[in-house]
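Enquirer: Below, each chain spelled out in residue letters.
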Amino acid sequence: AQSVTQPDIHITVSEGASLELRCNYSYGATPYLFWYVQSPGQGLQLLLKYFSGDTLVQGIKGFEAEFKRSQSSFNLRKPSVHWSDAAEYFCAVGRMDSSYKLIFGSGTRLLVRP
Amino acid sequence: DVKVTQSSRYLVKRTGEKVFLECVQDMDHENMFWYRQDPGLGLRLIYFSYDVKMKEKGDIPEGYSVSREKKERFSLILESASTNQTSMYLCASSLIGTFNEQYFGPGTRLTVT
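Chains as they are written, first to last, in the numbering used here: chain A, -14 to 99; chain B, 2 to 114.
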């Protein structure tokens, strides 16, 4: 069965430091991959997505992610974290038996130290 | 600006009550979703609708039903609320098409006592 793993439940970084959030998926073919962010008290917002092509994807708010097929990973990165980036981040993969259903990871909560 | 609204941010109900959670989107989206969000489990799909009066079960439909009488409105119904349905409920909508972006509402935190 398809699955998405976010191995880090919590991550704390200092403001201005770089960030990498890990995501691994299980899937046989080229997956549809997504990162969503949930700020406190808000719904989820799409940061970026990968469908095909260039494996380095740029998103909103200065985020990027890299698809690595050999590692079954789609890690999210940001070169310099701002206090407003404190939120929960969800990686998701499109189900191969559907054109709309997503499988979400369990989420990583990012804390930002001043 | 796109908008998905949910009728309540917080709701407290008693065991056995019938509970209605309402979701409205103003983007003329065909697809609408109901998810349940629990710590450590991420989001799990309860039900999906791709058109008025059309619905599909998601991964955890037991104990829930849905109604979509108008394109912009998608309701989640707990026929007889139980304590294990205490959770955050998120509604989302998207355009029809392959994995189009889902737009989420702010969520309803339901507590069943």
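These aren't lab readings, by the way, just hints derived from the structure by calculation. Incorrect hints may have been included.
Listed next, the in silico DSS-like pairs over lysine-lysine satisfying Cα-Cα at most 27 Å (straight line) [as the list claims (entries may be wrong)]:
| no. | chain 1 | residue 1 | chain 2 | residue 2 |
| --- | --- | --- | --- | --- |
| 1 | B | K58 | B | K71 |
| 2 | B | K58 | B | K19 |
| 3 | B | K19 | A | K34 |
| 4 | B | K19 | B | K72 |
| 5 | A | K53 | A | K34 |
| 6 | B | K54 | B | K71 |
| 7 | A | K86 | B | K4 |
| 8 | B | K56 | B | K4 |
| 9 | B | K72 | B | K54 |
| 10 | B | K72 | B | K4 |
| 11 | A | K53 | B | K71 |
| 12 | B | K72 | B | K58 |
| 13 | A | K86 | B | K58 |
| 14 | A | K34 | B | K14 |
| 15 | A | K46 | B | K54 |
| 16 | B | K58 | A | K53 |
| 17 | A | K34 | B | K54 |
| 18 | B | K72 | A | K86 |
| 19 | B | K58 | A | K34 |
Enquirer: Each of the hints needs a verdict: does it hold here or not?
Expert: How the hints compare with the structure:
Distance restraint check for K58(B) and K71(B): the Cα-Cα separation of roughly 19 Å lies within the 27 Å cut-off, and the hinted pair is therefore satisfied. Between the alpha carbons of K58(B) and K19(B) the distance comes to roughly 20 Å, so the proposed pair stays at or under 27 Å and holds. Straight-line distance between C-alpha atoms of K19(B) and K34(A) comes to about 38 Å, which puts the hinted pair past the 27 Å bound. Only pairs whose Cα atoms come within 27 Å are accepted, and K19(B) paired with K72(B) is accepted, the gap being roughly 23 Å.
Of the supplied pair hints, the one linking K53(A) and K34(A) holds, its CA atoms being roughly 14 Å apart against a limit of 27 Å. Taking the CA atoms of K54(B) and K71(B), the gap is near 8 Å; set against the 27 Å cutoff, the hint holds. Distance restraint check for K86(A) and K4(B): the Cα-Cα separation of roughly 21 Å lies within the 27 Å cut-off, and the hinted pair is therefore satisfied. Straight-line distance between C-alpha atoms of K56(B) and K4(B) comes to about 22 Å, which keeps the hinted pair within the 27 Å bound.
Between K72(B) and K54(B) the CA atoms are separated by roughly 9 Å; this keeps the pair inside 27 Å, and the hint holds. Restraint check: the Cα-Cα separation between K72(B) and K4(B) comes to about 14 Å, which is no more than 27 Å; the hinted pair holds. Between K53(A) and K71(B) the CA atoms are separated by roughly 42 Å; this puts the pair beyond 27 Å, and the hint is violated. Annotation: proposed proximity of K72(B) to K58(B) holds, straight-line Cα distance about 18 Å (limit 27 Å).
Restraint check: the Cα-Cα separation between K86(A) and K58(B) comes to about 11 Å, which is no more than 27 Å; the hinted pair holds. About 38 Å separates the Cα atoms of K34(A) and K14(B), which puts this hinted pair outside 27 Å; it is violated. Annotation: proposed proximity of K46(A) to K54(B) is violated, straight-line Cα distance about 37 Å (limit 27 Å). Taking the CA atoms of K58(B) and K53(A), the gap is near 32 Å; set against the 27 Å cutoff, the hint is violated.
Proximity of K34(A) to K54(B) is assessed by CA-CA distance (about 30 Å); at most 27 Å being required, the pair is judged violated. Taking the CA atoms of K72(B) and K86(A), the gap is about 19 Å. The hint holds against a cut of 27 Å. For the proposed pair K58(B) and K34(A), the alpha carbon gap of about 25 Å is at most 27 Å, so the pair holds.
Of the numbered hints stated above, those contradicted by the structure are hints 3, 11, 14, 15, 16, 17, listed in ascending order.
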